[in-house]
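Number of protein chains: 2
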Amino acid sequence: MTEPSSSTSARFRPPAIHQVKVEGFFGTWIETLAATTVHTLLDRCIQAGMLDQIDPARPNPGLRIPFQGGNSTVSTQMFWDSDFGKSIEAASYTLARHPDPALEAKIDEIIDAYARLQAEDGYLNSWYLRIEPGKRWTNLRDCHELYNAGHLMEGAVAYFHATGKRRFLDIMARYADYLCSIFGTGAGQMRGYCGHPEVELALVKLGRATGEQRYIDLARFFIDQRGQAPHYYDAEAAQRGDDPKDYYFGSYEYSQSHEPVRDQRRVVGHAVRAAYLYAGMADVATEFADHTLTPALGALWDHLTKKNLYVTGGFGPSAHNEGLTFDYDLPNATAYAETCAAVALVFWASRMLGLGPNRRYADIMERALYNGALVGLSRDGTRFFYDNPLESRGAHHRWIWHHCPCCPPNIARLIASIGTYAYGLADDGIAIHLYVAGEASLALPGGPVRVRLETRYPEDGQIAITLLPEIPQTFTLSLRLPEWAQGATLTLNGEPAALTDQVQDGYIQLRRQWQAGDRLELDLAMPVRRLHAAPEVGANQGRVTLMRGPLVYCLEEQDNGPALNSIRLNSSGLMRCDAVDELGGIVTLAVEAVRERPDKEEDLYTTNAKDAAPVTVRAIPYYAWDNRMPGEMLVWLREC
Amino acid sequence: MTEPSSSTSARFRPPAIHQVKVEGFFGTWIETLAATTVHTLLDRCIQAGMLDQIDPARPNPGLRIPFQGGNSTVSTQMFWDSDFGKSIEAASYTLARHPDPALEAKIDEIIDAYARLQAEDGYLNSWYLRIEPGKRWTNLRDCHELYNAGHLMEGAVAYFHATGKRRFLDIMARYADYLCSIFGTGAGQMRGYCGHPEVELALVKLGRATGEQRYIDLARFFIDQRGQAPHYYDAEAAQRGDDPKDYYFGSYEYSQSHEPVRDQRRVVGHAVRAAYLYAGMADVATEFADHTLTPALGALWDHLTKKNLYVTGGFGPSAHNEGLTFDYDLPNATAYAETCAAVALVFWASRMLGLGPNRRYADIMERALYNGALVGLSRDGTRFFYDNPLESRGAHHRWIWHHCPCCPPNIARLIASIGTYAYGLADDGIAIHLYVAGEASLALPGGPVRVRLETRYPEDGQIAITLLPEIPQTFTLSLRLPEWAQGATLTLNGEPAALTDQVQDGYIQLRRQWQAGDRLELDLAMPVRRLHAAPEVGANQGRVTLMRGPLVYCLEEQDNGPALNSIRLNSSGLMRCDAVDELGGIVTLAVEAVRERPDKEEDLYTTNAKDAAPVTVRAIPYYAWDNRMPGEMLVWLREC
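Protein chains in written order, with this note's numbering: chain H, 142 to 781; chain A, 142 to 781.
Just so you know, the hints here were simulated from the structure itself, not pulled from any lab data. All figures in this text were calculated on a predicted structure; none of them were measured in a lab. Some hints here could point you the wrong way.
For chains that are exact copies, the list does not tell them apart, and a pair is met inside one copy or across any two.
Mimicking SDA-like on lysine to any residue, the simulated pairs with C-alpha atoms at most 25 Å apart in a straight line are [what the hints assert, rightly or not]: (1) Lys448 with Glu400; (2) Lys447 with Glu743; (3) Lys386 with Arg205; (4) Lys276 with Thr326; (5) Lys448 with Gly535; (6) Lys751 with Ala680; (7) Lys447 with Asn749; (8) Lys751 with Glu677; (9) Lys247 with Asp521; (10) Lys162 with Ser582; (11) Lys447 with Arg315; (12) Lys247 with Arg271; (13) Lys447 with Glu698; (14) Lys448 with Glu743; (15) Lys162 with Ala605; (16) Lys751 with Ser712; (17) Lys751 with Asp470; (18) Lys751 with His444; (19) Lys247 with Lys276; (20) Lys162 with Glu677; (21) Lys247 with His159; (22) Lys448 with Pro401; (23) Lys751 with Glu780; (24) Lys448 with Ala474; (25) Lys448 with Phe390.
Using the sequences provided together with the hints, build the complete structure.
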């Protein structure tokens, strides 16, 4: 059914990390990551005992049962490799920005340990080599074995791109070669796949970085095998002597292995696993121009975005399965909406752009990025949200560390590499998906092209783009026109350009012979928008969310006092934008509203209608909440 | 600090079951219980394997691990005795109404088994005699041992009152005598108390039924010991070789044993345990005129009713601890609000009336009874709610049986004995707390008094009361004037009576020499009320609950279509009362509203304000929901 990998003009790939220099809004964030977060991540990983687990030069810690009662976060965990992988990946992206010998030495120390750990045959997993030796490949369903491999591969690719040093890449390529030898449809090969998808997209990255097609073929193999009958996890459980029915999550929907991926139409189960899987599917669809994956990917996208996505771009309302429940189940105060899920949605969306620019995907990518993902990191880069409610009574705050520290390195690696999400490169085209200030040095077949992008986005919507091809060349430049940007204007070298005819799939398509110095000025109007939720989302009825540009806004107690639900927005009330110094100059909104006066009497329920007095409330971007005093927070505001 | 038990005029006790013949609204419910529910309860108890567990004449089933995977509800459980006790209690109340030899034989069979089971020393607990022999009194904290004793005592008292047969009562008195010998402050006695309060109120009942003061003294002992330092559960755990810190619920707040009861001011922990304890405390306060319990009881009452009570009279929002969380945490869709908790609140409230009529307690008793408790039983008496959300997307329905079937017999025994909650008897007074149609045959010191109460309540608020003393006698008749009944009127033998001067603590106090045939006509106006929630209850802001008389109303999908949250009530809209045949003639409300039209487009979030069209919606009593087609339900309705 699928074609071999081939170069087609429709295939868009992200640039490598060193090709995009990020400034502006995200530049500031990345500076914080480089100065603080990535050090913190590696240090806390080591403090949690990860080096003890992986390094054969250290005494074997054995099984450390974690977190029972005491406050220690030191433990052994079958997923520790993934956290090292992600932390190295995040740190590498900052190294690509500017050298940091101390940071590089810290990473090299970890890589040394992995070099010591790797088995003769190439196998590399600290849990099964040190804590449960002899049990490798006995429980793909539950034990994150290939998931760990994937994250180490991503870390190795990033470190290679950042430093040019091949050692970690070679280690992981050797492991991947081993995986290629034991997984497959050949005699004696295993037909398994990981309960936690991730290795699929990682193998595509590794294949692209090394030029080894067989890694990308293995990614396709994992995708193709998933959910096939007879079910691999049934057979694997029986092999262990377990009853396949004795499965905590009951259904293989939890790991999206309940049916073959091409039959899937509904986003189900663990949210992060889902989006990682779909990202891998999209990569494979792009690499092999495999249109048999398209119906599933399109239906899954619609199912998520039309029925199961928080306005913040978070998803997965339930803590029980860290994932999906039923359509339109989008509770605010108890929203799980794990940071990792929003990050994973950015991954998935970016890969849906592999077959060409389309704002159906890019608008959602931006929504998840600026809201449900970015909220996971404190402004000072030291604290992290794991779950992300859209309403808080005041008790929800960022963690210093989490017993399952998956989110901190995940948001860090996303932000640190945001430049690679901003652009898509095809053989005869450049797409700009995100308006990230800075400069991209891109390689088209006709020669190198620098793209200089100047903007204060998302503070305002004015974007100046200067094209600097080394020699004049003809290609299509695609600029995303967000759905919210009604009344946008564009000039080319000072001349107004009509937008209507040139917009396709929500992108302005500009094909011409570009000269060095060609300058585009795009102005995306950014009025404050009041969003209503579909009637099926009961709790949000009679309420609105304020958005401006890509940013979802919320009220915080610090600005508005307690009892945020006693505030009602006037449906025609004025809204004004202010810059607020205490939050680093970000744009806040001043909104006319009324505030109901609390009853004098203390009764819980009364027949008295409440008086209301005019008040102006301040809304701040959702991503910026919980950076000042602890207190209430509310995204969906009452409107009358 | 406490006085010995003494007869005081301020002490009000409930009548016995055979003293009140119930007709009207609850008469119909009790007929359903008698015809269906109580048989169903006993049959399902036996089907669940309870007789196998308790009857030494049957093979010992050993430890039956229940509910793992399969659909069987057959198991052994340490709390099975309590379910038999409650089911026998409920069935006995219907026997008091009219004989049913088959039902009586079924109960006698169970009593036979308990007679065979009882140990030489009087001990009686099927778990520790048959499933874990030799371990009695090793874990009062977790194992419901005295809780089971209490429910069997209550069953025995009810069966004695209903049938006059003493056998079960004697069995339980023998067990109580044994308890009196081993619990106490004497040398070699245990100073423990049950992790699940219940035996306290049961011992008071048993003491009243048998005239044995020592049972009531033992109830006081359990109350007095609770939460004292050094903590009994710490010592007990150490004795077992367990670490007292290794306790699933972390804090003894779970069982309200975190501090001595007289120090308690906040309702905490497991909701049913809490209300059972406070009911026992109120009983002891009444029996011993013990005013040292009053500050705690008053503060606990206010804490519950002013900060933690659902408008339905349910409480305990969290499934995790089946109980309390933090003040004003009253989520609607995820409300746990166990049926048993509302039932237990009726128990507690009724006992707060022991020191005299006061609508502070009686109004709440009525609210919990007609709403949060009664909703637990289907109209046909065959299905039961365990948890009671105030909003449903359509997936919440009554159970045929529950793996922990505590609620079915609990709501059944409450309704079947509702006549005993309607009246309070003191030496020189009769209080009418609930307007339950029927006839009470009460014994005052001056001679017998029959009270005939005619009403369609809660269908309307017209109540006719005829007093029939055998000989004329002087006493105070106290009639509750609910807080909601603004503009009520009263006549005595046809003459208007002024209310204002005669109202004390929310009861109309009528003291005179009553003659046979004296007739009171009380008319409680029942306009529909719109209740607002305090601003601290965020999710309810901008919403109202409709009440009429004691009934909370809700919308159901069957009457109003789906997407109930797209309906907005006009704040000044007309409301009309209708009787609806399909729900047995109960009063429904027709309410003017608007309904927002769903967006044509399928987007989850849009900037389009929604059109709205006028519509008349139908509200039904909350207790009556989920008796027709499955669908959505909503208590807190949007208002504009």
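Now for the hints, and whether the structure bears them out:
For a Cα distance limit of 25 Å, the shortest separation of Lys448 from Glu400 inside one copy, 21 Å, qualifies, whereas the shortest one across copies, 48 Å, does not. Taking CA atoms no more than 25 Å apart as the test, Lys447 paired with Glu743 passes between copies only; the shortest distance there is 7 Å, against 42 Å inside one copy. When the C-alpha separation of Lys386 and Arg205 is checked against a cutoff of 25 Å, the pair qualifies only between copies, where the shortest distance is 20 Å, while the shortest distance within a copy is 28 Å. When the C-alpha separation of Lys276 and Thr326 is checked against a cutoff of 25 Å, the pair qualifies only within one copy, where the shortest distance is 22 Å, while the shortest distance between copies is 58 Å.
Only between protomers do Lys448 and Gly535 lie at most 25 Å apart by alpha-carbon distance; the minimum there is 17 Å, versus 28 Å within a single protomer. Taking the shortest alpha-carbon separations for Lys751 and Ala680, both the intra-copy value of 21 Å and the inter-copy value of 16 Å come in at or below 25 Å. Proximity of Lys447 and Asn749 under a CA criterion of 25 Å is satisfied inter-copy only: 16 Å between copies versus 39 Å inside one chain copy. Within a single copy, Lys751 and Glu677 get their C-alpha atoms only as close as 28 Å, which misses the 25 Å cut-off; across copies the closest is 13 Å, which meets it.
Proximity of Lys247 to Asp521 under the C-alpha cut-off of 25 Å is restricted to the intra-copy arrangement: shortest distance 22 Å within a copy versus 71 Å between copies. In this assembly of identical chains, the alpha carbons of Lys162 and Ser582 lie at most 25 Å apart only when taken from the same copy (8 Å versus 91 Å across copies). Taking the closest pair of Cα atoms, Lys447 and Arg315 never come within 25 Å of each other, the shortest separation being 42 Å inside a single copy and 66 Å across copies. Taking the closest pair of Cα atoms, Lys247 and Arg271 come within 25 Å of each other only inside a single copy of the chain (22 Å); across copies the shortest separation is 63 Å, beyond that limit.
Taking CA atoms no more than 25 Å apart as the test, Lys447 paired with Glu698 passes between copies only; the shortest distance there is 23 Å, against 31 Å inside one copy. Only between protomers do Lys448 and Glu743 lie at most 25 Å apart by alpha-carbon distance; the minimum there is 9 Å, versus 40 Å within a single protomer. Taking identical chains as interchangeable, the C-alpha atoms of Lys162 and Ala605 lie at most 25 Å apart only when both belong to the same chain, with a minimum of 16 Å there against 86 Å between chains. For a Cα distance limit of 25 Å, the shortest separation of Lys751 from Ser712 qualifies both inside one copy, at 19 Å, and across copies, at 12 Å.
Proximity of Lys751 and Asp470 under a CA criterion of 25 Å is satisfied inter-copy only: 21 Å between copies versus 30 Å inside one chain copy. In this homomeric assembly, Lys751 and His444 come within 25 Å of each other (Cα to Cα) only across copies, at 23 Å, whereas the closest approach inside a single copy is 40 Å. In this assembly of identical chains, the alpha carbons of Lys247 and Lys276 never lie at most 25 Å apart, being 30 Å within a copy and 57 Å across copies at closest. Taking identical chains as interchangeable, the C-alpha atoms of Lys162 and Glu677 are never at most 25 Å apart, the minima being 43 Å within one chain and 48 Å between chains.
Proximity of Lys247 to His159 under the C-alpha cut-off of 25 Å is restricted to the intra-copy arrangement: shortest distance 21 Å within a copy versus 82 Å between copies. In the homo-oligomer, the alpha carbons of Lys448 and Pro401 lie at most 25 Å apart inside one protomer (22 Å), although the nearest pairing across protomers, at 51 Å, exceeds that limit. Proximity of Lys751 and Glu780 under a CA criterion of 25 Å is satisfied in both settings, with 15 Å inside one chain copy and 12 Å between copies. For the identical chains of this complex, Lys448 and Ala474 are neighbours both inside a copy (18 Å) and across copies (19 Å), given an alpha-carbon limit of 25 Å.
Proximity of Lys448 to Phe390 under the C-alpha cut-off of 25 Å is restricted to the intra-copy arrangement: shortest distance 23 Å within a copy versus 36 Å between copies.
In summary, the structure is inconsistent with hints 11, 19 and 20 from the numbered list given earlier, while agreeing with the others.
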